[in-house]
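Chains as they are written, first to last, in the numbering used here: chain Z, 80 to 393; chain V, 80 to 393.
Note that these hints are calculated values from the structure, not bench results. Remember, predicted model here, so these are calculated numbers, not experimental data. Warning: the hint list may mix true and false statements.
Which copy is meant is left open, because identical chains are indistinguishable; a pair holds if it fits in one copy or across any two.
To be verified - Below, simulated SDA-like cross-link-like pairs (lysine to any residue); rule was C-alpha separation at most 25 angstroms, straight line:
no.	residue 1	residue 2
1	Lys378	Gly101
2	Lys359	Thr110
3	Lys202	Ser170
4	Lys378	Val141
5	Lys359	Leu100
6	Lys257	Leu364
2 protein chains.
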Amino acid sequence: MATNAGGNRVIRYGMTRQLVLGLEGVLADGTVVSSLNTIIKDNAGYDIKQLFIGTEGTLGVVTRASLRLFPEPPERLTLLTALPSYESLTSLLRFFRRRMGSQLSAFEAMWDSYFECALAIQKIERPFQKRHAFYALAEVEMLNPEVDRSSVEGTLADALSSGQISDAIVAHSLAEAKSLWRIRECAGELLGRLAPAAAHDISLPITQMDRYATTVEQRFQREMGGDRIFVFGHLGDGNLHLMTPLRKAEDAPALDKIVYESLPAGSSVSAEHGIGTLKKPWLGLTRSPPEMALMRSLKQHLDPRGILNRGRVI
Amino acid sequence: MATNAGGNRVIRYGMTRQLVLGLEGVLADGTVVSSLNTIIKDNAGYDIKQLFIGTEGTLGVVTRASLRLFPEPPERLTLLTALPSYESLTSLLRFFRRRMGSQLSAFEAMWDSYFECALAIQKIERPFQKRHAFYALAEVEMLNPEVDRSSVEGTLADALSSGQISDAIVAHSLAEAKSLWRIRECAGELLGRLAPAAAHDISLPITQMDRYATTVEQRFQREMGGDRIFVFGHLGDGNLHLMTPLRKAEDAPALDKIVYESLPAGSSVSAEHGIGTLKKPWLGLTRSPPEMALMRSLKQHLDPRGILNRGRVI
Numbered sequence: 080m081a082t083n084a085g086g087n088r089v090i091r092y093g094m095t096r097q098l099v100l101g102l103e104g105v106l107a108d109g110t111v112v113s114s115l116n117t118i119i120k121d122n123a124g125y126d127i128k129q130l131f132i133g134t135e136g137t138l139g140v141v142t143r144a145s146l147r148l149f150p151e152p153p154e155r156l157t158l159l160t161a162l163p164s165y166e167s168l169t170s171l172l173r174f175f176r177r178r179m180g181s182q183l184s185a186f187e188a189m190w191d192s193y194f195e196c197a198l199a200i201q202k203i204e205r206p207f208q209k210r211h212a213f214y215a216l217a218e219v220e221m222l223n224p225e226v227d228r229s230s231v232e233g234t235l236a237d238a239l240s241s242g243q244i245s246d247a248i249v250a251h252s253l254a255e256a257k258s259l260w261r262i263r264e265c266a267g268e269l270l271g272r273l274a275p276a277a278a279h280d281i282s283l284p285i286t287q288m289d290r291y292a293t294t295v296e297q298r299f300q301r302e303m304g305g306d307r308i309f310v311f312g313h314l315g316d317g318n319l320h321l322m323t324p325l326r327k328a329e330d331a332p333a334l335d336k337i338v339y340e341s342l343p344a345g346s347s348v349s350a351e352h353g354i355g356t357l358k359k360p361w362l363g364l365t366r367s368p369p370e371m372a373l374m375r376s377l378k379q380h381l382d383p384r385g386i387l388n389r390g391r392v393i
Numbered sequence: 080m081a082t083n084a085g086g087n088r089v090i091r092y093g094m095t096r097q098l099v100l101g102l103e104g105v106l107a108d109g110t111v112v113s114s115l116n117t118i119i120k121d122n123a124g125y126d127i128k129q130l131f132i133g134t135e136g137t138l139g140v141v142t143r144a145s146l147r148l149f150p151e152p153p154e155r156l157t158l159l160t161a162l163p164s165y166e167s168l169t170s171l172l173r174f175f176r177r178r179m180g181s182q183l184s185a186f187e188a189m190w191d192s193y194f195e196c197a198l199a200i201q202k203i204e205r206p207f208q209k210r211h212a213f214y215a216l217a218e219v220e221m222l223n224p225e226v227d228r229s230s231v232e233g234t235l236a237d238a239l240s241s242g243q244i245s246d247a248i249v250a251h252s253l254a255e256a257k258s259l260w261r262i263r264e265c266a267g268e269l270l271g272r273l274a275p276a277a278a279h280d281i282s283l284p285i286t287q288m289d290r291y292a293t294t295v296e297q298r299f300q301r302e303m304g305g306d307r308i309f310v311f312g313h314l315g316d317g318n319l320h321l322m323t324p325l326r327k328a329e330d331a332p333a334l335d336k337i338v339y340e341s342l343p344a345g346s347s348v349s350a351e352h353g354i355g356t357l358k359k360p361w362l363g364l365t366r367s368p369p370e371m372a373l374m375r376s377l378k379q380h381l382d383p384r385g386i387l388n389r390g391r392v393i
């Protein structure tokens, strides 16, 4: 809650902020503020919980909470598609959304560099006969599994015959689904293997993601003598993750400069991981001086002695 | 945005708070704070827009905004069900949610008293042969109209044969759908006809709504010599609206006392309409002293001279 965490199903259920109905928090002066609502709608005065959610413990400490839950769908369908271009990736997302609405519960994009490396690390056989430029791992919540499965298969057939996708795999068992998800979920292992390495978590307009990733890689190679970068992320949320091997840990600030300064207007230096201490120097890049001043003023007002998570965020 | 408005499709799309991506606001000291994001995920520092959303203009004035939009579904299906009891109403909501997931875009409950009065005001012929205790008007977003329509009809047939509903009508044209919605949407006309009258907008646990409405009506009749009350609302959101004819306008405070003091624990005196001036005396009923103190402290900090929407909320 303090970091307003995201994850793979934000496209369906939203960030943590949307799932907190009420909470109890402690302010810097020791006051316990209890707003442990379980009701869905409450416009009685200011929405106090927003001071605690996503502020990384710098305005107060969350001690209890009530969360909104959703019923588990009867079945989930996992599928992996291979795509020839970035344009086909974004157009597939639009197509899936039109066909599946909010039954689409995940849409995770992987650039070829990430995908190949993940297969090697997880020791998974290449699921397609040849390599492709992009991959999308999608999950569909099925309320009526028989009907929905055939509808998804129809959607994939349409995408194949129009050339939007080059190939597709539909998981036919939980084991197959898990194996496909292992490709996407080896980010932690990848970062370990690449060490010394840097990880970035950025938000930017979906249409500009591929050009941006190419720009960062080119500058990294040209200006720092770097190698490839590994790109993947929550495409439906406009959120990319970059993982970059460094020649030495001390190169991190120079890479940060390339990653953050290459962001187009309207981006964010932190999509879901927060600011902490590492991104603190870059907060001002995507936040205007009046926003920074207002954040500082709130911090000063609610924690005048600076005792809450000192040195973080602001 | 300043009132975090709700409406009939909150069950599908959330309150206004969930639909604002970014905004520009003006603080009491004249500072223009621009957070006109269009990205979906942004955890870079404090979420400044929360100070403006739902605070009724008392902490700042919203001057521009960027909103999240969703594609219009290919078709919407409207249906009206008649139910024998309150238990069947809540169980129908659960049943619809299980069968339709987030394709269920509205679920509006009407008590018989409201329903009959609405038919008379709108001059609509009674849609069922006899009167029933409760009615639910539902809307389903159809991505694949042919398949979805037959699936909804199957769901209704199951609900009928299990006795969960007593009768059902599915709109077969836009005109029929509009006519059904006119029953639900005559709240404004009803309030005018009942004048002098009072309207209330409360949130409470769904399981306790019927008992609560009965308690309020009984106390109103016993303690104030009142007549019937008219009950309807957004059942899926836990939000009821009450409309009550008064003998004279001066009776309003006595009725407020009954309406608000009868609320069970964990309720709210304002689900979606805000506090303004009318509910200001009741804010403390569903907000604890530390919450009230924190609201006052924020107001004092951000608007020390009290020039923003003076006298409202806090």
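How the hints compare with the structure:
Taking the shortest alpha-carbon separations for lysine 378 and glycine 101, both the intra-copy value of 22 angstroms and the inter-copy value of 21 angstroms come in at or below 25 angstroms. When the C-alpha separation of lysine 359 and threonine 110 is checked against a cutoff of 25 angstroms, the pair qualifies only between copies, where the shortest distance is 23 angstroms, while the shortest distance within a copy is 28 angstroms. Taking CA atoms no more than 25 angstroms apart as the test, lysine 202 paired with serine 170 passes in neither setting, with 31 angstroms inside one copy and 48 angstroms between copies. Proximity of lysine 378 and valine 141 under a CA criterion of 25 angstroms is satisfied in both settings, with 16 angstroms inside one chain copy and 22 angstroms between copies.
With identical chains, the CA atoms of lysine 359 and leucine 100 are at most 25 angstroms apart between copies only, with a shortest distance of 23 angstroms across copies and 29 angstroms within one. Proximity of lysine 257 and leucine 364 under a CA criterion of 25 angstroms is satisfied in neither setting, with 39 angstroms inside one chain copy and 49 angstroms between copies.
The structure fails to meet hints 3 and 6 from the earlier list, while all remaining hints are met.
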